[in-house]
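Residue numbers (the numbering used here), protein chains in the order written: chain R, 1 to 113; chain H, 1 to 115.
Derived lysine-lysine pairs resembling DSSO-like cross-links, with alpha carbons at most 27 angstroms apart:
#1 H:K42 / R:K108
#2 R:K49 / H:K57
#3 R:K58 / H:K42
#4 R:K78 / H:K42
#5 R:K69 / H:K42
#6 R:K78 / R:K108
#7 R:K68 / R:K49
Hint data in this document are derived by calculation from the structure and do not stem from the laboratory.
Residues per chain, in single letters:
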Amino acid sequence: AQSVTQLGSHVSVSEGALVLLRCNYSSSVPPYLFWYVQYPNQGLQLLLKYTTGATLVKGINGFEAEFKKSETSFHLTKPSAHMSDAAEYFCAVHVDSNYQLIWGAGTKLIIKP
Amino acid sequence: EPEVTQTPSHQVTQMGQEVILRCVPISNHLYFYWYRQILGQKVEFLVSFYNNEISEKSEIFDDQFSVERPDGSNFTLKIRSTKLEDSAMYFCASSDGLAGEETQYFGPGTRLLVL
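Put together the whole structure using the sequences plus the hints.
Set out below in structure tokens:
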């Protein structure tokens with residue numbers, strides 16, 4: 001069975017600082033990994049995804065994530081936080097044998113001015 | 001850019017009442033999904049739908065729930081007799097394919113409150 005763990009329900013960073021949101025997964029088969037973002041009062045928007053190939057994937061709004069199989073991790077980073085990045089971020093895993101996305105609990109990113 | 005839409009954005013209902021949540025998936029997508037998120041909890045899968053039948057459903061998706069694609073554009077989730085614990089944000093999603101690498105595109109959600 002697959003599962004996703006996001007460390008930290010809330011992460012607070014200063015504007016301009018590095019953003020690091022952690023995601024670890026467990027899967028018995030090669031997973032596909034996704035980060036979604038939910039802005040206040042909006043739906044879930046795809047930020048980036050890892051399928052195959054290059055392990056460092058770039059997404060929208062300057063975010064990127066690196067798939068590390070040995071660490072079963074897919075952490076999300078952004079070099080310099082912006083106030084508009086304040087949102088909730090969800091890591092999810094999908095495998096070919098299932099139809100559903102398996103979700104982490106989400107991390108609320110707070111940006112301090 | 002095509003997007004998934006959902007109506008209504010908010011719904012308040014009395015326990016025991018039937019509700020229908022509506023979704024319009026992206027027009028050329030063939031796979032449709034419902035998820036829900038109870039306040040403060042994880043997003044949970046409810047059901048997937050393809051070719052006019054359910055492909056997979058979770059334990060949450062019991063006999064009180066049903067899905068339908070009544071026409072070429074809408075995809076609905078019906079809860080026959082709502083319970084207090086059905087209060088949640090309900091998300092519809094659609095995808096072009098079924099493989100694990102396919103992106104599921106989500107609507108803005110319907111916030112359901114059962115009193």
